[in-house]
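Peer 1: Here the protein sequences come in this chain order: A and B. Per the working numbering: the first sequence = residues 252 to 568. Per the working numbering: the second sequence = residues 61 to 645.
If the Cβ cut is set under 8 angstroms, some of the chain B residues that face chain A in the computed set are:
#1 Gly272
#2 Thr378
#3 Met379
#4 Ser380
#5 Phe383
#6 Tyr384
#7 Ile449
#8 Phe450
#9 Arg453
Derived from the structure by calculation, the hints contain no laboratory data. The beta-carbon is built from N, C-alpha and C at its ideal position, and this holds for glycine as well.
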Amino acid sequence: MYSAVISLITIFGVIIAALSVSAGLIWLERRLLALWQDRYGPNRVGPFGLLQVLADMIKILSKEDWVPPFADAAVFVVAPAAIIVPVLLTFAIITYAPGIAVADLNIGLLFFLAMSSLAVYGVVLAGWASDSKYSLLGSMRAAAQMLSYEVFMSLSLMGVVMLAGSFDLKNIVEAQKGLWYVVPQFSGMLIFLTAGIAETRRLPFDLPEAEGELVAGFHAEYSGMKFALFFVEEYLGITLISVLICVLFFGGWQGPLLPPLAWLAIKTLFFICFFILLRATFPRPRYDQLMSFGWKVMLPLALLNLVVTGGIVLATR
Amino acid sequence: MKVQESSADALAAAEQKFGGPGFTRQQVQGGPPVIWAPADKLPQLLRYLKSEAGSPFPMLYNLTAIDERLRSHRRDQPEGDFTLAYHLFSLDRAEDICVKTALKGESPAAQSIVNIWPAANWYEREAWDMFGIVFNGHPHLRRILMPPTWEGHPLRKEHPARATEMEPYRLPEAREEKEEQALKFRPEDWGISRRHGDTDFLFLNVGPQHPGTHGLLRIVLQLDGEVIVDAVPDIGYHHRGAEKMGERQTWHTYIPYTDRIDYLGGVLNNLPYVMAVEQLAGIEVPERAQVIRVMLSELFRIASHLVWYGTFAQDVGTMSPVFYMFTDRERLFDIIAAICGDRMHPNWFRIGGVAQDLPRGWDAGVRDFLAYLPRRLQEYDRIVMQNRIFKARTKGIGAYSLKEAVEWGVTGPGLRACGLEWDLRKQRPYSGYDQFEFDIPTADAGDCYDRAAVRVAEISQSLRIISQCVENMPPGPYKAGHPLAAPPPKQRTLADIETLITHFLQAGWGPVIPPGEATAAVEAAKGINSYYLISDGGSGPYRLRIRTPSFPHLQMIPFISGGAMIPDLLAILGSIDYVLADVDR
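Modelling step: build the complete structure from the supplied sequences, incorporating the hints.
Peer 2: What follows is the structure, encoded as structure tokens:
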């Protein structure tokens, strides 16, 4: 009974935390971008404009729930859910601090990779069901981009798995007690970071949306709460990838003095800000350039990293 | 203006070859030498002048028409109801020539010259749209600026100029049906096919509302996957009838309209207009006014280039630069507003000078800006021009050769990016530009990146010119004392009835400019911008033609974007640096 209550609290705690962090990120991103772009950003609603998120939510919830007459209605409605559920599920397998995890899964990392593959469906279905040319082009780009970047995303993580000897995220963190994996797995970290940005479809990998060319790409036809799901999913994705980078390469909750959860939060926030900084800095490569970068540069690098790590692990064991 | 030597040779040779009845010269107050040729000989003559003549004119710079039916002063011109004017340019010799031909009848027709110059395509469509002149042999003669359902040809004299002269607008069902039908997309109407072999093409409608088109521009893309097979621009959404409005404004009250042609160029639009009027009236502009004009023109060139810089970076996906550059432009506008009293549309040049003298302490702000911007430009160079993704997106994209640029009538940075050191300010200095030291930046590849590099370098050169203006601003009047430019002195109006009447008429109607024709051109931010004015001895122009750089540049889009991908098209559009108001007028 007691343990059931504890796990219920953890489940809701994680969901609420994940959702409110991603909602807060909307504010954080707008303020940070504004800071870097010599302007103010939202600063009117509440202290430092913090209540802007609330105002946005009220606005978006009160909008008409509209399905375009030419769209495939059933798929059109399912797609936003199909994109957000896998991301939310992945938060279940992360060990945030000793004892704080929804599911202590011994194949946690594999579960994450499986879920991130599923997320492609949401994007493709959204673009397809919209029956609009811009959406179609966007979702075609998304499918190609996410599939190719997933290949070396999983490969880049295998180095970590070899070093830790486990797919369990808790074990991976504990194995970093002496030395964070960012040191032995530096290239693996860079590859995972790149693939992570591509998975979240953020600039410079925002080709499926590409505002200047495809207007809004795969979600061009969406509005109201269904659009908000895409929007929140993007921020959930950023949070997820940031947490995972910390857990896999930067010692997770480990750190002196402060409580474990605080350490994870600080590290995660750092990477979230890094994501936002990337967005403020980079131009967008072209679709074919992105694909050839993935297949011709990142994939060989990931394979090389795998072979070298494997060799060293074998030699030292 | 004097007839240049080699162009006089070319004229003499042409006269010998094609001379005969109907082949005459016309005296004009300003602009290129004008010759008249009979319509049947025109295509041969133009072909000769383009490539066969000893000193050829390879660029079709402008093509327009004039409705002559109500014009009373037509000394030494052949009889005719409509006139076609072909303005040709030779960049090598910095010479130009205007060939005119008279057309008779209410529904005139002429031979198309699209097979001689591809750039004639849009110009001939415009002449058909505006005057109803049919061009036999034109591949696709349909309306270009007006909607396809429009009745009448707006620049004909019988077409009303104001809504109040027209019937109230009604939309009965039959007409609504017709309008709806006209909106339907049929690829055949656009001159593109639905399929080729086994490939069914995808048609993507970009615009007229689209975040990447910089205004009301529609482009229909014929796509094979994401690769562009053909791109057909559809313009006219920003058409306001600026040329028609000229015919009912006074010489003076038209100046604010020019501001709004290239709305990023501000006074750069005032300049060719007032210069053309000054040539018609024979007004000499005082030195101080000329330097003030140069300084303001260069300030606006920087403002225009800054907008282009930021939006171009945004077109290839960089989010931040546009904010930095708009902030800088705002500093510039502070200076411009302090001098002119307005920001984007200062309406500040006047016939014979400028509206007011420079305010006290004007130079402090300009000096601050001169010290401020170079540092910023270095930073922008690092974040935009040196960025590797930016280079990958723009190098080798949308390239054209110098020969193609001349063929299509490209001027300005787009021409200089092909390696030709050609700037109207140097090649044919106006408004005292020969007194300034500056370089003409060029590049070699003629692609998107090089067009960008040329513009970026031009900002620094403009700063150089401005600093010379600040250091050497001459004293003296800011406006000519010519009777057509300035009101009579107040003391004399009180003593002398003739002066009082003149003052009264000038205040009521504005100046009456003597009959004649003049063309004045300036190197605007986007290319050469010129105004062709015809005065029939009235208080306003009889015909006003605005030749803008954006029009021919945009016509080139299908030519340079075939085989590119959708994102490349956006890079190409950004690198052309057009303004839709400048295209449609």
